[in-house]
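Trainee: Chains as they are written, first to last, in my numbering: chain B, 1 to 681; chain D, 1001 to 1681.
Honestly, I wouldn't trust all of these hints.
[To be verified] As a list, the in silico DSBU-like pairs of lysine-lysine whose alpha-carbon atoms are at most 35 Å apart:
#, chain 1, residue 1, chain 2, residue 2
1, B, K287, D, K1577
2, D, K1037, B, K287
3, D, K1507, D, K1666
By construction, these hints were calculated from the structure, which means they are not laboratory data.
Model, not experiment: these values are computed from the prediction.
Take a look at the letters that make up each chain.
2 protein chains.
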Amino acid sequence: MGSTQAMEQVDHVDVLIVGAGPAGLMMATWMAQCGVKTRIVDKRGTKIFNGQADGLQCRTLEIFDSFGFAHRAWIESNHMLEICFWNPDETGQIRRSGRIPDTIPGISRFQQVVLHQGRIERFFLDAIESVSPIRVERGVLPTSIDLDESLTEDSQAYPITIKLRHLSEEEATPTQVATSANGAVAQDGLFRSNLAPDDTADLLKKAELNAKANTTEVVKAKYVLGADGAHSWVRKQLGFSLEGETTDYIWGVLDIVPITDFPDIRMRCAIHSASSGSIMVIPRENKLVRLYIQMTTTENIGEASSRVDRCQITPELILKSAQKIMAPYTLTYRKLDWWTAYQIGQRVGDHFSAEERIFLAGDAVHTHSPKAGQGMNVSMQDAYNLGWKVASVVKGISNRSILKTYEQERSKIAHDLIKFDHKFSRLFSGRPAKDVMDEEGISLTEFKEAFEKGNMFASGTAVDYEASIIVAKPPEDPDEQNGMVTKSSCKTTPAVQSKQHLAANVKIGMRIPSVKVISQADARPWHFQELLRSNGTWRVVLFAGDIAIPERRREMFSLSECLAGSKSFLCRFTPPKAKYDSVIEVLTVHAGSRTDYTIFDFPEVLRPYDELDGWDYHKIFADNDSYHEGNGHLYENFGIDPRTGCVVVLRPDQYVSYVGPVDDYKSLDAFFASFMVEQIS
Amino acid sequence: MGSTQAMEQVDHVDVLIVGAGPAGLMMATWMAQCGVKTRIVDKRGTKIFNGQADGLQCRTLEIFDSFGFAHRAWIESNHMLEICFWNPDETGQIRRSGRIPDTIPGISRFQQVVLHQGRIERFFLDAIESVSPIRVERGVLPTSIDLDESLTEDSQAYPITIKLRHLSEEEATPTQVATSANGAVAQDGLFRSNLAPDDTADLLKKAELNAKANTTEVVKAKYVLGADGAHSWVRKQLGFSLEGETTDYIWGVLDIVPITDFPDIRMRCAIHSASSGSIMVIPRENKLVRLYIQMTTTENIGEASSRVDRCQITPELILKSAQKIMAPYTLTYRKLDWWTAYQIGQRVGDHFSAEERIFLAGDAVHTHSPKAGQGMNVSMQDAYNLGWKVASVVKGISNRSILKTYEQERSKIAHDLIKFDHKFSRLFSGRPAKDVMDEEGISLTEFKEAFEKGNMFASGTAVDYEASIIVAKPPEDPDEQNGMVTKSSCKTTPAVQSKQHLAANVKIGMRIPSVKVISQADARPWHFQELLRSNGTWRVVLFAGDIAIPERRREMFSLSECLAGSKSFLCRFTPPKAKYDSVIEVLTVHAGSRTDYTIFDFPEVLRPYDELDGWDYHKIFADNDSYHEGNGHLYENFGIDPRTGCVVVLRPDQYVSYVGPVDDYKSLDAFFASFMVEQIS
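Please model the entire structure based on the sequences and the hints provided.
Mentor: In structure tokens form, the structure reads like this:
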């Protein structure tokens, strides 16, 4: 670890992010939304423009929507609707043997789509720039990092010192890009034909790099995120390692505009040939198709633990393998957008943070094979889990105890991912069974079942965080953990008890599901999740029930009286001059008939008054028919009895913290008091 | 009319557009999409940033979607779902007397929304810039226009000569804007708080105006569009006039963030007070509400035909009128975004074009009161009707005969609009009836009925163009025209006969309705209209029926053989080096089961081959269940029998030209041959 020089300029920031890939940009987006002073640096000279990761889970799209840009991904991406399985028939020729939906119907308002990483980075960059002064600093490399452990618990301190070096343009241009243009070396290292119009500014900016070239500076930070990829410099500085294994299987990847008579080329396909290996087909945007192709001919290059020399693999070689697997169908191309080759392996970091001051996210703490389309999603979701917690602590809203939940929650996900990928890759790389007696081969049934089960995991909606200070559910039975490693050191315990049965399908620890509700004030239908923008705000959702029932109305007014009190948690934890809903927002969804009420029939704290803007018209909703978009039947879908109602607490990342009865104000107060900081008026 | 000077620089363009409001920008968007050499000038120094027209019809959103930006309007706008009627009760106090949906359920995939004109202009500008070099030239005023009538039928000639003067910044800044900031004079004439981030560049560009100030230039154009508003300079140069009347009724408009206990302020409301006049409430984006307020106190200013001195009206005066009408509910505000006052009048131009070379669109040919929210929509739709026709003629695809349909089609719409507005305004400005015996008053029933009927008109989906060379239906019975004036001189006659009964709900002359269909190649659901992008292309839609029926399959192959022939209309009218679908695109929707077929089961002409891109995967669709978005039941909804099928021809603007049997290739050929130009190979 390095030290600072007295003569250098020292900059102070709340958060420094190393790496501007999807994980780093997700973190920066949170910081931008929450107004946290942040810098983000990346050693590359420009963003990437093609290739690399491409699958977007339903859950990732839900998250994008909470930041306001899911529609951009939805419009530009290719939507994957169906998976087709192709297997050898009794004569050995491949035939379609089954179809399943790619996304399980009903689990999300989005379905899995494919769009290359460059566009996704563009959306993040635009989202960051539209609300904050944060800009990615490219061609900037950290050269030393130093954590003063005596200051880790001091909320005012800047315990981390990082030295940054500004690279020259030559240093900042990665060689990876230079092999991507039509399989030949591209002279300028960039792939102009693939640039969307709004990327042009980034190319121009690149010219500015050299002004600061070879200068250094010192940054003091409260928190650092290492989102710097599989070869993470931050991880290495911390002395942490990745644990896991690498296999013999080598796969090639081609992004091409295919010319083929294979009829399902625009479907996601899993093709198992009798003896030439497997292909996964991922149809993409702009007529492209990505093919993951098993390179049986190169299976034995290198040792299990060694890296394969990728120079031996060419697009021509990969194409030949593909042609063998897909025969008798023909396959060729005139347009090649990108290609690569990789060896399957799965590894997870032993630590996700140093003292909850320096964190790791994404490939820096877990790597695996790309075929499952999970890597970018899980990486972004690491940072999505972390960002609001760091912002809340930096802003003095929450105490540092919530930061422990990052490793607790994400380490388990990383292990789940590795396990999923291990199983999936084995099934995919294995030879198909010849018949039921062929025990070494993979049976079609086994494969299809794994795929169907995998789809739930792959959607990202199955994530279920364990009990903690911010997840008020009983600690998990160790027997149910399926051997997942969760360090007891990072466990925290909830201060209150939930009553899960009051909202049976709003699972504590999982993201809240979504159906449509109708705004009381203007009859507009909203997907419930659309109300839960990622802006750092906690939500207390009052499911008031059928307010035609006097008891429901009475409890609603009685809870509201507590909420409106000057010693309520709303008041105690909201800074004196901040807006009434900036820390905890109260939303109401009732099950009465919308047209029987106006917002003035509800207690004032549920539709607060602002002297410039008047009454707040957008806090109260009804579970009713809409004119044009059907009826979400929220109470039924969420498993809430309209005769009872309940209160649900949602984290800023839409995960469910607590479910309890309407008349239990005390638990709500105790829940927030267990980690929030009282604000002095 | 002026003359050119030999010394000045002469620029040649295909199209010159005068006026960069919504009508002018719609025209420019078409030209950009179709690659037509175009200039667009506006005398104002910047685009507008707030106020003015704001309602967007369903049909306008469908059109925006065909250009790729409906989602921007949909996201940013306020959605209007419900209309509430408020009327005096027996004691004279206003009470809610009824509710209806604002958009009739089922008529469109969009519903009426509200967003101010400045944002809509932004979307057009972005859409134009993303595909073409066309840029709005601001602070530019035409000073003379000259049409050489000897050249009007010469397709190579530039018969129009226009002289343009570049204004100084002072001249280019309209005084209208200077009264809009909180009702006081804004020092810089602009309302910065209301600017969206992406408008900043326009402000900066304003500084460039002075460089060309006070210079003049001469432009030679093939076609000119006067989209220069109610005081149209182009119209005056042509010597055309607006015919109609102005009434005594004066209305004030306030765009405010209301502070009120009126419970329906976020609904569209029609409030009739007993004796203080009426208010229409239009809830808007950014917490704004627009109030149209009857200024009964100033009803008698000026004579019927004279213009009222608006200086006598202030926001305070308008607010006071509003408070009287809404009593006992309170109304005040702290934020005023914009205000104006106007006198109701309706006028329509006597000509829509000079020699089908110089056209008028929008307010330049029809003006009326703004309350119905129609003006901007009908204006944009004028240009939407005209743009593809002009582009097609300029590009040598169609002959000039199609240009006559502009006046034929849009003059009728303008008269319909005036009639609608006249009735609507009278109902709205009149005193409510005290009881059934009160014949002078407006009865609630009459009003509500007019509103419901008006909603169909107001959606824009009821537009029904008459028979012409491009609308193959029987000429309309004069008795059914309700006295609408349509000059016989601009009528043209279809060359072929449709068989409307083959697709009973795909009405010839109306825009095609939309439900979801599933793409054969990738199972993705699309709204049928989403396939019909506004790019200048005609569509022949083969509703092939249930292709499990041998006769359906036989007819599909037999039609395809004709289409694929070297003398087919596809070949004759497509320029030799143009893409196969650039003039006429063939789409197929079958009623068989998607999973029983692949695209290779369909004739090649229905999924053409390109040597770079391979087969076209996006031309064949099925009327089937989707995994996540239901079933559109297209055949049922469109009134097509799957045992019969049919062929539908759609204009580039999504209006239905022709419906006929699958086995009648000859009519298709005759239809296109009646106005298209054979291309020489």
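Trainee: Now tell me if each hint is right for this structure.
Mentor: Hint by hint, here is what the structure shows:
1. K287(B) x K1577(D): 22 Å, holds
2. K1037(D) x K287(B): With Cα atoms ~29 Å apart, K1037(D) and K287(B) stay inside 35 Å; holds.
3. K1507(D) x K1666(D): 21 Å, holds
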